[in-house]
Each structure stands twice: as C-alpha cells, then as structure tokens.
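Dock chain B against chain A, hints included.
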Amino acid sequence: MTEISTPVRPQSGAVSYILRRSPVAALLVALFLIAALLGPWLAPHSMTDTNLGHALQPPNATYWLGTDALGRDVLSRLLGSAGIAAQAFLIVVLTGGVLGTLFGLVAGGIGGLTDLVLSRVIEILQGFPTVLVAIVIVALLSPSLTNAMIAVGLAAVPDFARVARGVAIQLREREFIQAARGLGMSEMRILASEVLPNMVGPLIIIASFDGAQAIMWEAALSFLGLGVQPPYPSFGSMLREAQNFLAIQPSLAITVGLTVSAIILGLNLLGDGLSDYYDRSDK
Amino acid sequence: MSGTPLVRVAALRKYFAVKGGWLGGRRGQVHAVDDVSFDVASGETLGLVGESGCGKSTLARCIVRLVEPDQGKLEFDGEDITHRPTRSLRPLRRQIQLIFQDPFASLNPRKRISQILGAALDLRDASVSRGDRQAEIARLLERVGLAPQFMDRRPRELSGGQRQRVGIARALAVGPRLIVADEPVSALDVSVQADILNLLKDLQAELGLTVIFISHDLGVIRHVSDRVGVMYLGRLVELAPADQFYAAPLHPYSEALLSAIPMPDPDAHLTRKEIVLEGDIPSPLAPPKGCRFHTRCPYAQALCAGSEPKLSTQAGGRLVACHFPLAKQESTGR
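These protein sequences, in sequence, are chains A and B. Residue 848 in the working numbering is what sits at position 183 of the first sequence, and the numbering runs on without skipping anything. Residue 262 in the working numbering is what sits at position 203 of the second sequence, and the numbering runs on without skipping anything.
To be clear, the hints were calculated from the coordinates, so they are not data collected in a lab. Beta carbons: idealized from backbone N, C-alpha and C, even for Gly. Mixed in with the good hints, there may be bad ones.
[Said to hold, decoys possible] Pairwise CB distance ranges, derived in the manner of DEER restraints:
| no. | chain 1 | residue 1 | chain 2 | residue 2 | range |
| --- | --- | --- | --- | --- | --- |
| 1 | B | Val-249 | A | Gly-792 | 45 to 51 Å |
| 2 | A | Arg-686 | B | Gly-278 | 43 to 49 Å |
| 3 | B | Val-249 | A | Arg-686 | 36 to 42 Å |
| 4 | B | Ser-245 | A | Leu-930 | 57 to 63 Å |
[To be verified] Computed footprint of chain B on chain A, listed as stretches where at least three residues anywhere in the stretch have a Cβ under 8 Å from a Cβ of chain B:
| no. | stretch |
| --- | --- |
| 5 | 835-842 |
| 6 | 855-869 |
Isolated chain A, as found in the complex:
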C-alpha cells in the first residue's frame, strides 16, 4: 500500500519573498552590491586623481554628483567607498559570524560547565566598548581597514553567539535531535549536521544588522582617520573632507551622508524582511 497523494505546500524562497515584501530593501541592497562589485569599472573618472581646476563643482553633465575640494569626481569616489564598505561588511560578518556561531553552538549545544564558561567569555566581550577597542587595535598595529574591522568583528561576536546559543538550547531537547542521538550519532556531528542548519535563518538576520553597523563603524573610524587612508576613498574620509566645505558646497556632505544612510536603511529593511520570512517558514 503506497501513499501517493501529498499536500504539497509550495514555499517561496527567501529572495522572491524579499522582492515581494520589501522591494525598497531589495533595490537598495542590489544597488549597493552592484556599486561594490563593479565600482572600479562603472566609475566614470579616476577615484584618486586630483584636478584643482575643477574643484568644488556642483553636479553637472561631466561630473554627475560634482567634485570635491581637490577636483575628484564624487560619483567615482562613492563607488570606490561602496567597495570599501562591502569589505568592512564581509570582514565583520566573517569574524563575528564564524567565532560567534562556534561559541554559541558549542555553549548551547553542550551546555553545563562549557556553557557557563563560554557565556561568561561572551559577556566579557560584550562589555568591551567597540570604538575604543578598534582605536586601540589600530593604534597598536597600524591604521588600516582590515585591522579596524577585525576589532569591530570581535565586538559583533556576542550578537552571533547569543542567537546561536539560544537556537541550540531550544533545539537540544527537540525530538529529532534525540532521534539522532538514539541512532548513535556523536554529539559533535549532531551539532554540525542537525543543529547548525536550523540556525542559518536567524544568523543571516543578525549578519544583515551587524553588517550595516560595520559599514557605519567603518565610516566613523575613517572619519577619525583610523581606517582607510587618503587618497583612497571611503564614506568616512569623504565626509571628513566635506566637513570643511559645508558652507561653500553643502551638496558634497549631503550626497555622501545620504548614500551611507541609504545602504544602512536597505540592509536593516532586508534584515526585517528576512526575519519575517523565517518566522513564517519555520511554522
């Protein structure tokens, strides 16, 4: 006797869900990705070559978003900054995500004393002031994007760890985990192959929020001169340079500020959309 009829509930994928539910997020994130990946090829002018004869021009046909005090094309520099922001995003999400997930998975999945110790380590990490740690690391090593972002990534570890630990604890007593244990799977294999796949959704949500934060921290550190070094563009250094010309050419600061805001808004909306998607599909 073979059962053939099945109630098939079609599940739309995450991508089509986001496209339908929050098109603004999809648009902003898509623009950000295109700028970050193809920036160097899309840029109409050089990002670093100065041309004092064309300094501080308002938006016009040649320079769509105008030029800065050294006559560099703002659009090209924004495209370059997007690439830097994407690097910041990646470094932070990789550092925080890998370490945090590992910590949380082991703490929540094994429990007991392991959990107690790891949870305290996570709390200590959480107590660190992000900027100060980043500044100290950069001061000790050298001002560079990678160093600054690893510091920010360490500050993101607790966020990932908390979520991973919560999911692991919640799953530990679920019946399919007991079934795996009953089949004779080792605890490590259960964590890797049964628990971890169930964390992906919540972790992606954290990644989109913490990634947006990373872009902000990158801008803040570069604004202070601790991140990307001149003449290379980044949102932070562009804002710092624009600051001196607020009275003469305010569009400079506004353009850069709006771009950063739009990227962060897009990522946050994406995070909200994804969290709705996973809430729905887990039921």
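Chain B alone, transformed into the frame defined by chain A:
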C-alpha cells in the same frame, strides 16, 4: 519462550529533581518511574498503558538510554546497560530504536527525506556508494509504504502519517532488534492510526522485531500487544497476557480503564459495569502513601491507605499490585 529475555528491566527508578525558588534549590522530586520490573521476550510485543504523566515516556527513554536511570538494572540481551557511558553505548544504539510520538517534531525540518534516512544508513555502514545508498533509501521507503519519490521531499511537505512512516523507516535503517514505540499513533488522525499500527505489525512479523508499545489508548494496545502492562504514577500495577487482561483485569485501575473504552454498541452500557474514577491523578511530586491508587479506587479499604501492595504473582502467572485483586467472576461483563 527462549531462555534469556531480550530486555530485562529490574526495579528501575528515575526521579527528576524539580528546581526552583531560592538559588535554584531543590523543591522536590518527580517520581517518574518508580521501581518498575518486567521482562520482554524476543519477538514479543509488550503494550504499556497508563494516563498521561504516569511515567510511560520516561520509561521508554530509559530503555533506549536517552535518559540514564537512577537506580535498578536495565539489561539488553543479557548485558547490563543501565549506566553504560554514551560512547560505548553507540554500537548498541543501532539495536534499540525509539519511534517518537510527534512526527512533526521528530524529523529535522531542514533536511530532505533522503538526507534523514541516508544519515541513519551511514551510521550502520558508511562505505556504501551513492548509487547503492539511493537504492537502499528507496527500499526503506517502500518497506514503510512510501513511493521512492518521497526521497526529495522535505518533512513539511508530508502529512502526519507519512512523516510517521519516515520515522519508522529511520528506525529500521540501522537494523534494530528492539523497537520502543512511544505513543506512535496518538498524534495521528484516527483514519491513519490503523494503517500505521498494521505497518508496525507487518514489520514486526517480517523482521522478527521485539516491540515495546506505549500508548494511553487501550484499544490501540489491544490491537498490537501479546502482553499488557498497566502503569499508574510511576509504578507497574498489572502485567498480564493480552487476552486474559482484556477478558478479566485484576487491578481496579485496569478495570476502570477498560470500562472507559468506547463501545460501538449503543446499548453496551446497559450490560457492562461502568466505572468513572473520581478526582485527578495525584501529583507525582508527592505520591499518596500506601497504595498509590487508593485515593481514587472504588474498592479501597483501610489497609490500602496504610501499606503499599507489591507486584505479586496470581493464578495463571499474572502479576498484579493490589491487596484485593478483582476475582474473575466479579469483574466486568466483557
């Protein structure tokens, strides 16, 4: 019956500490399984019944050693596995499999059926090629009455009955000798229950499995069991061959349970004695002194409140824990 039983449970106890209050101090203990003993012969089906909260599920999890018993002894095929550490338990796990109550919780929602069954097959023998593995998964699915196309589905695309079939296939994948089925049909629609019960019976006959079948439904137990054990508040109160048990229960609690089975004949209540138990099942945190059932027993006498009856052998080799077991002639007219 052959010499050593496949499973021997002797004076098994499992208490759970209830924590709470100040600094997580102990507030009490739940007597989930309290001094339970029985044997299960190879190839037999033992049915265990009882109300919810009587310790059936804890007993099941003790037998498959997902939970370590506190006291007593648990033997499998002559070997003492009561306190065997997890690592050395692993080879044995393949011989003892649990089928879960809730087929919606017992399958990993993120995996395809082929991955779920493949992982189980890998635990038995990891050195099988991909093609052979696929064929083996298809064979397993067929054995539990599912078409091979189910391989590529995810649990959420299956109905409750289909999921339970996958759960059974997963248990069979590792080649077990003992199946402990913990309320395997109580989460399913009535129309599907019979299919799953028949599947279990067929598989048992075909593969020579030994089954411990746990349910709160005496109708279901009757359908599958060779022997029936009745649990109340962590204790085994009666153990008897199924036909004798259903013909004439010896324990007042068994009698009350049997009288609560709905009968298809609308006039049945005219001829049979109906016993409605008063009150709720007492808290397992503080089981009553004396016989645990005396607070609800219609036949309770002074002795019952004072001393607890031991499980003792009656005529015909039946076991009952009662000071005043029901005589056959007095019992229900079933």
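Tested hints:
{"no.": "1", "hint": "B:Val-249 / A:Gly-792: 45 to 51 Å", "result": "violated (57 Å)"}
{"no.": "2", "hint": "A:Arg-686 / B:Gly-278: 43 to 49 Å", "result": "holds (48 Å)"}
{"no.": "3", "hint": "B:Val-249 / A:Arg-686: 36 to 42 Å", "result": "holds (39 Å)"}
{"no.": "4", "hint": "B:Ser-245 / A:Leu-930: 57 to 63 Å", "result": "violated (50 Å)"}
{"no.": "5", "hint": "835-842", "result": "holds (count 3)"}
{"no.": "6", "hint": "855-869", "result": "holds (count 5)"}
Checked against the numbered hints above, the structure violates hints 1, 4; every other hint is satisfied.
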